[in-house]
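Trainee: Below, each chain spelled out in residue letters.
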Amino acid sequence: MDAMITSIAPPPPNPSSLRCEKLVVRFGNSPPTIDHIDCEFEAAKITALVGPSGCGKTTLLRALAGLQTATEGRIEIDPPAVPQRGEVAFVFQQPTLLPWRTAIDNVRLPLQLGASPHDPDADSRAHDELRAMDLDRDAMLRYPRQLSGGMRMRVSLARALVTRPSVLLLDEPFAALDDMLRVKLGELLLARWARTKFTMVLVTHNIGEAAMLSHRVVVMRRGKLIASINNDLPWPRDENVRTSAEFGAFYRRVSRVIHEDRSA
Amino acid sequence: MKLSAIASIIPVVLFTLAAIAVWHLVVIWFQLPPILLPSPAEVFRAAIAERSELARGAWVTGTAAVFGFVASVILGTLVAAVMSQSRLLRLALYPYVILLQTVPIVAIAPLLVIWSGYEYRTVVLVTLIISLFPIINSVTEGLMAIPQDRIDLFKLYGASRLQTLWRLRIPTAIRYLMLGCKTSCGLAVIGAIVAEFFVGNGGANYAGLGTLMTGWQTLGRTAPLIAALFASTMLGIMMFAAVQFISNTVLSRWMNHD
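Sequences listed follow chains U and V, in order. Just so you know, we're using the numbering used here here: the first sequence kicks off at 1 and counts up by one. Just so you know, we're using the numbering used here here: the second sequence kicks off at 265 and counts up by one.
Hints may be right or wrong, so weigh each one.
Unchecked claim - No farther apart than 30 angstroms at their CA atoms in a straight line, the calculated lysine-lysine pairs in the BS3-like style are these:
1) U/Lys22 / U/Lys197
2) U/Lys45 / U/Lys22
3) U/Lys184 / U/Lys197
4) U/Lys224 / U/Lys45
5) V/Lys446 / V/Lys266
6) U/Lys45 / V/Lys419
7) U/Lys224 / U/Lys197
8) U/Lys22 / V/Lys266
9) U/Lys197 / V/Lys419
10) U/Lys184 / U/Lys22
11) U/Lys224 / V/Lys266
12) U/Lys184 / U/Lys45
Unchecked claim - Stretch-level coverage of chain U by chain V, calculated; a stretch enters the list once three of its residues show a Cβ under 8 angstroms from a Cβ in chain V:
13) 93 to 106
14) 193 to 207
Unchecked claim - A short list of chain U residues far from chain V (calculated; beta carbon distances all over 10 angstroms):
15) Lys45
16) Ser53
17) Arg62
18) Ala115
19) Leu177
20) Asp179
21) Ala245
22) Arg252
23) Ser255
Hints listed in this document are in silico derivations from the structure and should not be mistaken for laboratory results. We treat Cβ as the ideally placed atom computed from N, Cα and C, and that holds for glycine.
Next comes chain U alone, as it looks inside the complex (with noise of 0.2 angstroms):
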């Protein structure tokens, strides 16, 4: 894996940590989807952010994307990270590749947006972000109808991770696809983001995937912040984390606490 991303650029000098100040959103009238939020997403660290449907979770995502305006609350970046320059990058649930497009056009999109200036590594860093999404360049050249849900969802992170971002933000990225290439696609993350740490928040409903994956499970429920978990598996997490009494035990604490949520 590391022979194959050699030649990414270094990582961005600073990872920006995310700070969230008596956030909250409404649509009209109803009560708010996020209520009164106050969180810190660390730098260069991995949050998974878990609970019920409904209860906010992508709300609060797509507000530290800038996408979703906040009501009230404010949330602060450090160092600055603009969206628009592609430091604060999101993956959709869905894949959301143009179709007229090849998987490494679509990679190269968000260096063709913006009023950032003509980039003359653009093909050479779409190229290098999909083969550290293990693509080979004949998947490279086919648009998105001709490669499996899997593919599509690397060609959508390659995509994310193009323009070297500081805060990665993923909106239940592998909710679509079946474990084996969760898992999978899930080791690909940690590979990548191994390589350059950026900060990283992750919305998921898989308790395993967030173990997995994370420093830190955030627990929410009805637009709040319940719980925030410390998660001290062992790093490299791989099979040995995954079968192991450790892991067990904290995904039993982790369910309990959306459990007890749920039962409240």
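For chain U, the structure is supplied; the task is to place chain V on it using the hints.
Mentor: What follows is chain V alone, placed relative to chain U:
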């Protein structure tokens, strides 16, 4: 040609042969006079006899239809691009777009002849007007029918309005444009022929299929009139086939979204 392609045209060929046979039998059984309904053989003979007139007419009508159709694609796309940029513009312009569809072309054609003369350009103008509505309607719909996550993606990367139009909205709208084109290309031929009914009356040297049809109808020559009708139908089919061909080749990457 592949066997499957040949097999796919067999039903239409058989149906056409059956229709010609029924037509022939109806003429014989009811002893219809040729001025009312000539037999297929008489129409065929008239088509051979008037082949140079028909070919010239088809060329004149066909080019007018193509020019008017292409102009409607260009103008319709531009109008749709403008309308897609603001709700206010859509509210202001859309009633006039609907007007294009609702005002009968036979009512506008004489007016256009007064303004533009008994000229080829008048035929092109009528063709343009009749073909315009489906293009504007389809392209506007295409430019507006962008999935929210793609809009978010472009917003996230700070895409300008122009970048969003060029790299997202227009590629999405191409599929819709081609749907509009399939409707418009048939209308273009109809528009050209209707316009020629009026333009041909000016006594100029205009010799489109519509003019020929008017002349033959006046002389009671039903056989060449029907031959001209077939020629105009062929023009419509050829334009449709051309649009389909362009969809399947040059524009195929924008057509297959699934």
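Trainee: Each hint: holds or not?
Mentor: A quick look at each hint next to the structure:
no.	hint	in the structure
1	U/Lys22 / U/Lys197	28 angstroms, holds
2	U/Lys45 / U/Lys22	22 angstroms, holds
3	U/Lys184 / U/Lys197	19 angstroms, holds
4	U/Lys224 / U/Lys45	21 angstroms, holds
5	V/Lys446 / V/Lys266	25 angstroms, holds
6	U/Lys45 / V/Lys419	26 angstroms, holds
7	U/Lys224 / U/Lys197	28 angstroms, holds
8	U/Lys22 / V/Lys266	68 angstroms, violated
9	U/Lys197 / V/Lys419	25 angstroms, holds
10	U/Lys184 / U/Lys22	37 angstroms, violated
11	U/Lys224 / V/Lys266	64 angstroms, violated
12	U/Lys184 / U/Lys45	20 angstroms, holds
13	93 to 106	holds (count 5)
14	193 to 207	violated (count 0)
15	Lys45	22 angstroms, holds
16	Ser53	18 angstroms, holds
17	Arg62	8 angstroms, violated
18	Ala115	7 angstroms, violated
19	Leu177	17 angstroms, holds
20	Asp179	25 angstroms, holds
21	Ala245	40 angstroms, holds
22	Arg252	35 angstroms, holds
23	Ser255	30 angstroms, holds
When the structure is compared with the earlier hints, violations turn up for hints 8, 10, 11, 14, 17, 18 and for no others.
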